[in-house]
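J.: So the sequences go chain by chain: E and B.
Each residue of the first sequence is one higher than the one before, starting from 1 at the first, in our numbering.
Each residue of the second sequence is one higher than the one before, starting from 1 at the first, in our numbering.
Note that these hints are calculated values from the structure, not bench results.
Watch out, some of these pointers could steer you wrong.
[To be verified] List of simulated lysine-lysine pairs, DSSO-like, C-alpha gap at most 30 Å:
#, chain 1, residue 1, chain 2, residue 2
1, E, K59, E, K119
2, B, K197, E, K195
3, B, K119, E, K107
4, E, K107, E, K195
5, E, K59, B, K119
6, E, K195, B, K156
7, B, K156, E, K58
These numbers come from a predicted model, not from an experiment.
Here is what each chain is made of, one letter per residue.
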Amino acid sequence: MESKLTLEAVDHDGAIAEALDELTGGTRADFLRKAVIGGAATGAALATPALAKERNTKKDIAILRFDLNLEYLQAAMYTEAERLRQLKPRTLGWAHVVGANERGHVKAIRGLLGRDAVKSPKFNFRGVTEDDSVFTETAVAFEDLTAALLKTQAAQVDSRGVLAALVSLHSVEARHAAWIRHIAGIVPAAYAVDKPTSKARVVRLVDSTNFVTSVPRTKGRRRPGYTG
Amino acid sequence: MSNRVTRRAIAEDPGPGLTRVQLVKWGAAAGGAMAAGGLLAGGLPMPAISQPSPAQDRQVLEWLVQVQHLEAGFYTEAERRGALRGELRELSQLVGEQDRAHVAALERAVGGAGSNRPKFDFGDATSDPQRFLAAALEIEELALAAVNGQVPNLTKRRIVTVMGIASVEARHVGWVRDLAGRNPAPRPADVPATQDKTRAAIEATGFTT
């Protein structure tokens, strides 16, 4: 079963321009990649498998940091929508419940990262949180793509514990996606089996929104975990 | 077959259902009510996990075929009886098609259909709109928890496919719950179920024969 709905299809007002195949390298584009680079640069102390038992590997830290930034973004957007109260009642109800869930995800991923957690970037939602149709389209894109990204990451993470965590967040993102699609009058489940997506595609989506206005430093925050 | 969801709520739908009281309750519930059993750092539920292997993949996939048979059987019978109308009819057709595709995909992965196909008696849950919605909610939730509980037991080559199924189960849950006027995502993290717990949940539906 194929659906006509794609990211391109919901982007009729240009809020999520698909034309961003070539990344421009600005502040916004850097937001997720910086977190990942930061993760790789500071994780060197974790390389020894014997020591890694209770710790996240470099790869898992990078993945979790990327997800943490995505959750910060979603939590901030939905929380702002809830505060401004300009959306239609059903959309506002969605923002209320899903905002709380995404704040829960932030807390959970910060817990998994421990001292490797990064701070939230600053956001400017540029009126999207006050416009019901643009908000809905953006939310559909974020929820669909987050669920798709978590599939890719699930097969990448080193730790089975981190995998279990991603699995239990993943299906909540898919519930969110189905719900906002239902509110929008789009088929909630367009495919029999949902496909994974790449991190690059999610970076492009985030970049296209121009929601991220500043990225906190991630360098030098972590001391070596083991000094022997 | 149309896969468009009508905007209009069906007659049985209690409506958007987002009263202020519910919102406050849901807000309070989000963050609490986590898994009984193991917890990861961050408060996330931790299922029982055993070391993945191709042999274990096979056992897991065969088990998930059994769970999918419950769902596929339910919607296929609802479609055959033809008693549902409006969006419930659309839902039973589309979700049935997708759950049958899950059975087929999982059987392909284990190299063919198993011999012991479970039998169910759904009574009027496949014809009475209210009972259909209640049963669909119960079945979808238990299937999602069953699939989620097994993903960490799989080898990497099976993870993406089975999560692709979990994702669609979660969408079904979200759709059914919204139609039923229930919060589609009442918790920030979904609680996985073991095979034993899922077996008990299937028993509890009363549909097993």
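J.: Compare the structure with each hint and give your call.
T.: Outcome of the hint check:
no., hint, in the structure
1, E:K59 to E:K119, "19 Å, holds"
2, B:K197 to E:K195, "28 Å, holds"
3, B:K119 to E:K107, "43 Å, violated"
4, E:K107 to E:K195, "27 Å, holds"
5, E:K59 to B:K119, "45 Å, violated"
6, E:K195 to B:K156, "15 Å, holds"
7, B:K156 to E:K58, "19 Å, holds"
In summary, the structure is inconsistent with hints 3 and 5 from the numbered list given earlier, while agreeing with the others.
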